[in-house]
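S.K.: Given chain A's structure and the hints, the job is docking chain B onto it.
Chains as they are written, first to last, in my numbering: chain A, 1 to 332; chain B, 1 to 162.
No wet-lab data here; the hints were simulated from the structure. One should not assume that every hint holds.
[What the hints assert, rightly or not] So, partial list: chain A residues that the calculated Cβ filter (under 10 Å) puts toward chain B:
| no. | residue |
| --- | --- |
| 1 | Ile104 |
| 2 | Phe109 |
| 3 | Lys114 |
| 4 | Phe306 |
[As the list claims (entries may be wrong)] Here are the computed lysine-lysine pairs in the DSS-like style, where the Cα-Cα straight-line distance is at most 30 Å:
| no. | chain 1 | residue 1 | chain 2 | residue 2 |
| --- | --- | --- | --- | --- |
| 5 | A | Lys113 | B | Lys74 |
| 6 | A | Lys96 | B | Lys74 |
| 7 | A | Lys275 | A | Lys187 |
| 8 | A | Lys107 | B | Lys80 |
| 9 | B | Lys154 | A | Lys187 |
| 10 | A | Lys57 | A | Lys100 |
| 11 | B | Lys154 | A | Lys304 |
| 12 | B | Lys81 | B | Lys121 |
| 13 | A | Lys275 | A | Lys61 |
| 14 | A | Lys96 | B | Lys121 |
| 15 | A | Lys100 | B | Lys121 |
| 16 | B | Lys81 | A | Lys100 |
Using N, Cα and C, we set each Cβ at its ideal position, and we do this for glycine too.
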Amino acid sequence: MASADILSRNDIIDLITAYAGSERVPPKFKIITDTSDFYRVDYNDVVLLADTAFWVKRCEKEGRFGIDEQPKYWVRRAIDLQTGATKILKLVFHEKFDTKIGDIVIKCFRSPKKEARLLDLVAGHDQFMHGTWTLDSAGNIIRILDFIYGRTFDQLLDELGNDHHDYFHNHFPKLLTHYRELVRAIKFLHDHGEKHGDIRRDHIILDRERQIYRWIDFDYNYMHGESMFGFDLHGLGNILIFLVGRGDILTHDLYHQQRPLFDSLWGEDLNISYKNRVANLEKIFPYIPASLNRVLLHFSQGAKIFYETTDQMLADLAIAQDDVATVTGRTS
Amino acid sequence: MSAQNFSDIGRRDSERHLLAAVDESENSRRAVLYLADFFGDYRDVFITLLSIVAEPSEDYFATEGERAEWLSDKRTTMDKKLAEYREILLGAGFTPTQIDVRLVIRPCTSIADAILEEQDKLRCCIVAVGRRGLSHNAEFILGSTSSKILHHAKHCAVLVVE
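So that you can see chain A by itself, here it is in the shape it has in the complex:
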């Protein structure tokens, strides 16, 4: 039975009234069951999916390619009018594009089908966003995500510690523990033959309520080469370098502010993909244990071997965590 047969316009007005009060019932709004044209879905419209009415609010935004706050018109914040819970509705948007990393081009694509499959897979796994999916009246796969209140990994880092030494000795050990949990979560996906597809530091949110770090946004996929998980591992490496360095250590900044350090760097010390970022952070922060730095060097221009699996990386990170505890006196 179509949703519109279940809930009439008056039913929906009653639901909005019950949720927000009669004064907030919009004078005009559309009831949408086919979301194929997501630009048609406006603020205050109601999307009916199965037997549930979602009162649509603003578009979600995302910073990307150096442009902050790009609106994602297919990702809408919405109120589940039956429960009052805030949800994220992800409408269908098929997109294929090339991502350039250094000298290579990766064919990427957005897949609602993949994200729906992963939502089923990670239901109950703490380190991922959760949600359900359903089909709209036109057969589009709509993902209904639980809203996570909290900030992204990169937003949190700036506030930790007075300087790098303070950060590394007092905050980093715990962050490394969290990071390992996040890598184990990616291993969970890989073990099930799935990729995250878009591993970035702003795709990790610290869930304010539950105080756990969670991966979000896994509707991306990429055409892999011989190494199915290489791109995911590349993302994990970049996050680790960012984490250990308390942000990216840029050669440009070193050149202008710490010339002797800049002069000590060789090409092999730089990030394998981003030649303006330092990967060999032991040269910048000598108290970083060698075992941790060795993990970083897997993502450097000088790397002779690469991680092929998260297992390999996790094994090295376990050793690094022990050595970080020795240096800092903190286990987490």
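M.R.: Just chain B now, with coordinates in the frame of chain A:
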């Protein structure tokens, strides 16, 4: 095992059976030219020209029609390319009975593993591949098929043509 006829495998056991794993790239063409030049005069050499096409996951296609079109286009392109490689071998002195052509379109996580599976199945004594000459960065993110074959091949020699 696929429906392809492997009845003459026994015969090939007594021959020098090469597996040339190729794709559309220029380095594959170079590998075929090398084999043609090197083995063109040998009557006891048998070459299987193999192309493994990794079928993208279902996620890649918005519709089943799009998927069918992709597969059809890919098959047409590779059939043409394999015919071209076959002509190169024939031009170098191979006889038609010395050449087999095999196109496999399948989901696979690793092309190298799929090639080695074929090598094992066909009992080839040499696997020949071209090498793309990937940058360091690309080898990390994409992985190298020729490197993986070099490291994982068993019971055969590996010929990597630069």
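S.K.: Compare the structure with each hint and give your call.
M.R.: Here's how the hints hold up against the structure:
1. Ile104: holds (4 Å)
2. Phe109: Given a least distance of 6 Å, the restraint on A:Phe109 holds.
3. Lys114: This hint holds: A:Lys114 lies near chain B, its Cβ roughly 4 Å from the closest one there, short of 10 Å.
4. Phe306: holds (5 Å)
5. A:Lys113 with B:Lys74: At roughly 23 Å apart (the allowed maximum being 30 Å), B:Lys74 and A:Lys113 satisfy the hint.
6. A:Lys96 with B:Lys74: holds (18 Å)
7. A:Lys275 with A:Lys187: holds (28 Å)
8. A:Lys107 with B:Lys80: Holds, because 24 Å separates the two Cα atoms, which is no more than 30 Å.
9. B:Lys154 with A:Lys187: Cα-Cα ~29 Å, so holds.
10. A:Lys57 with A:Lys100: violated (34 Å)
11. B:Lys154 with A:Lys304: Roughly 24 Å separates the two Cα atoms, so the pair holds.
12. B:Lys81 with B:Lys121: Holds. B:Lys81 to B:Lys121 sits at ~23 Å (cutoff 30 Å).
13. A:Lys275 with A:Lys61: holds (29 Å)
14. A:Lys96 with B:Lys121: Violated - the C-alpha atoms of B:Lys121 and A:Lys96 are around 36 Å apart, more than 30 Å.
15. A:Lys100 with B:Lys121: Roughly 38 Å separates the two Cα atoms, so the pair is violated.
16. B:Lys81 with A:Lys100: holds (28 Å)
Checked against the numbered hints listed earlier, the structure breaks hints 10, 14, 15; every other hint is satisfied.
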